[in-house]
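The chain contents come next:
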Amino acid sequence: MSDEANKGLLSPLRRKLLMGMAAVPAITMLPRASFAQAPATSAVNTTGLAVTDTEVTVGILHSATGTMAISETGSIEAEKLAIEQINAMGGVLGRKIKFIQEDGASDWPTFAEKAKKLLVNDKVAAIMGCWTSASRKAVLPVMEQYNGMLYYPTFYEGLEQSKNVIYTGQEATQQILAGLNWIAKEKGAKSFFFIGSDYIWPRTSNKIARKHVENVLKGKVVGEEYYPLGNTQFNSVINKIKLTKPDVIFTDVVGGSNVAFYKQLKAAGIDLSKQALLTISVTEDEIDGIGGENIAGAYACMKYFQSLDNPNNKTFVPAFKKMWGEKTVIGDVTQAAYLGPWLWKLTVEKAGSFDVDKIAAASPGVEFKGAPEGYVRIHENHHLWSKTRVGRAKLDGQFELIFETADLVEPDPFPKGYQ
Amino acid sequence: MTDNRFFNRSEFIGILVLAVFLVVVLPLTLDVFRLNLVAKYLTYAFVALGLVVCWGYGGILSLGQGVFFGLGGYCMAMFLKLEASSVENTKIQSTPGIPDFMDWNQITALPLFWKPFSSLSFTIAAIILVPGIFALIIGTAMFKRRVGGTYFAIITQAVAAILTILIVGQQGYTGGINGMTDLRTLKGWDIRPDHAKIVLYFFEVGCLFACIMIAQFVRHSKLGRILVAMREKEDRVRFSGYSVANFKIFAFCVAAVFAAIGGAMFALNVGFMSPSFVGIVPSIEMVIYTAVGGRLSILGAVYGTLLVNFAKTSLSETFPELWLFGLGGLFIAVVLAFPNGLAGIWGDYVQPRIDRLIYSGKPKPAGWTDSSVADGAPAE
Chain A
1 MSDEANKGLL SPLRRKLLMG MAAVPAITML PRASFAQAPA TSAVNTTGLA VTDTEVTVGI
61 LHSATGTMAI SETGSIEAEK LAIEQINAMG GVLGRKIKFI QEDGASDWPT FAEKAKKLLV
121 NDKVAAIMGC WTSASRKAVL PVMEQYNGML YYPTFYEGLE QSKNVIYTGQ EATQQILAGL
181 NWIAKEKGAK SFFFIGSDYI WPRTSNKIAR KHVENVLKGK VVGEEYYPLG NTQFNSVINK
241 IKLTKPDVIF TDVVGGSNVA FYKQLKAAGI DLSKQALLTI SVTEDEIDGI GGENIAGAYA
301 CMKYFQSLDN PNNKTFVPAF KKMWGEKTVI GDVTQAAYLG PWLWKLTVEK AGSFDVDKIA
361 AASPGVEFKG APEGYVRIHE NHHLWSKTRV GRAKLDGQFE LIFETADLVE PDPFPKGYQ
Chain B
1001 MTDNRFFNRS EFIGILVLAV FLVVVLPLTL DVFRLNLVAK YLTYAFVALG LVVCWGYGGI
1061 LSLGQGVFFG LGGYCMAMFL KLEASSVENT KIQSTPGIPD FMDWNQITAL PLFWKPFSSL
1121 SFTIAAIILV PGIFALIIGT AMFKRRVGGT YFAIITQAVA AILTILIVGQ QGYTGGINGM
1181 TDLRTLKGWD IRPDHAKIVL YFFEVGCLFA CIMIAQFVRH SKLGRILVAM REKEDRVRFS
1241 GYSVANFKIF AFCVAAVFAA IGGAMFALNV GFMSPSFVGI VPSIEMVIYT AVGGRLSILG
1301 AVYGTLLVNF AKTSLSETFP ELWLFGLGGL FIAVVLAFPN GLAGIWGDYV QPRIDRLIYS
1361 GKPKPAGWTD SSVADGAPAE
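Residue numbers (the numbering used here), protein chains in the order written: chain A, 1 to 419; chain B, 1001 to 1380.
Accuracy of the hints is not assured; some may be wrong.
Listed next, the in silico DSSO-like pairs over lysine-lysine satisfying Cα-Cα at most 27 angstroms (straight line) [what the hints assert, rightly or not]: (1) 123/A <-> 1091/B; (2) 163/A <-> 1091/B; (3) 1040/B <-> 123/A.
Honestly, the hints are just simulated from the structure, not real lab data.
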């Protein structure tokens, strides 16, 4: 049933709308058609959420200020775009989506406070939000206590699964293993040097990567170093890299530190066209700051690149740029954030209800064929089935797709043998 | 009744008004969510109160109160986290029975220094003693060598930075930058539902008034007068035979213990503790609360904290992208226009009019009011 709904609603209409050609007739026509079939509010909302006969309210909770604003702005923009597109198509169960935006201010307890405000005061039907693992960890108890629904966009460390969260980014094994396999096969890589920022995501990711390198690829980890968030001095680790000469530098340095790291690598004479470097933390957004000339040649392993060549992405990218400006770039997380409102809409329609319990139960199996990354489906564990891709950074700041897995990779947040 | 050594008449009325405001007005007008936010704001009021004693009266500007707030908060959070990490709750982990962040960091047994925190009485003692002793060590090291003023402020900043780096770096033992989340029960009593939030709020208000009384006592005792004398002319006090350092250490320790109680209340009310309350920025923010309230006024500290945090919450809810500018503007306006903060506004404009109404014809009551202390108070 959800299949038919998806097909009918998404592909043809949406494309037309995005190109702006059929916008006027579609907008005047669609809501009327959907109001006619809109079910009664009392039937689709039994738990007192902010749902009226014409509107449903959701929350957007990201950092609009503070150090994380630079990363999270893309997610806010993608979510607003998705909501606007859904509204242009008639909304959800005949109701327009209205959103309340709150600022997490790059401060984890503020995230918890605002999440609580959205759930308790505003009674939002769902929250699109959070970015760092720390903010998600702060919000999670609130979501579980007040039975909210969170759509979380970032690739993250795994080891978590909640009825109240849909993880639209990749968990660590999904993101890392295929990339390591590829680089081991393609480059014959045997020795790896790990560099990460010092917090839970890089540490867990590197733990998984180490087990994979040692136990599956039968390679060696010749170094593992961590730096505080915001660190800008990488000279000592670059010297160690020069001494150990690893086949692959594997990095999960996050945020602004990347700018210093790649500039210093280049200054130290490490040529990324000869020295293989695989990053799981640099998207088009970060390259904006690093500068294409400093990182060209590096490989990135994630699920989405702006340059992906598929029909969905070819309508998504222009629509995004039309709304937010020609100069914007779209990274992996931005795309994952765009999935949130759509997956929620599809799940609500599948469940025929806004009730969080029903949405949580209906989520497994929901498919989104209009995803810019291609087809995605929600797994029983509330993560997404998705492909993993390797791209190579180019001078213009975009990635060139080098490799993608043939099939969707199964999300496995509690990987056996990797803990 | 009103003329004992704790407070004079106008102070007694002020405390009464605050009590009515916190105990009756707010719980009746706010829903539980907003009341819990007030509880969160009030945890900072403990810090601001400590700063009134140590900065306002003693003249010791500490820009590292977040350290003590954090130590108190972490002690409480460790107890709550241990209770939330029962084998039953953590059976999904590779080592059940230890806090989740330890499991993520490949720690397989509870570290030694965590073990005593399974006892509530030890935890309560630690909340007071750990920051108290730490402040004693810093205070002794600094004040005995006559390090004061700006140098002392800089050193407290450094301590705040060091403690943050330590907590973030030792994430296997402290939860790192994520902090300690998902605190659930206190001796089996769930601290998360609405009725628990209300109980915790009143408990906190009770503790706050206890601290206000202590601050009042310090201020009206001989000790308080020596503190003020020391702030005004340290050398004269020293030549009169007082050990200036000991008084300074005492004031600093009182401020530290107040901050620690606030931190513990924070962990209880918010169910959360993270290094973002320990570092330099939150420490400076706490000084701002005191400055806005008026650094010489005990009650001003409470009102200042409430005002700044209310502004923070409501501005950020209304203007999610621009609110920081609004808040910055508020600080600049207060400092430029009213150097003595809210208490200064009260003392200069409101109080004289009320006095004129009440005491028209009668002489002014003798007593030590805010404005008489504020006269000629130099900036640090």
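Now for the hints, and whether the structure bears them out:
1. 123/A <-> 1091/B: violated (32 angstroms)
2. 163/A <-> 1091/B: holds (17 angstroms)
3. 1040/B <-> 123/A: The given pair, whose Cα atoms are some 22 angstroms apart, holds under the 27 angstroms limit.
In summary, the one numbered hint that this structure violates is 1.
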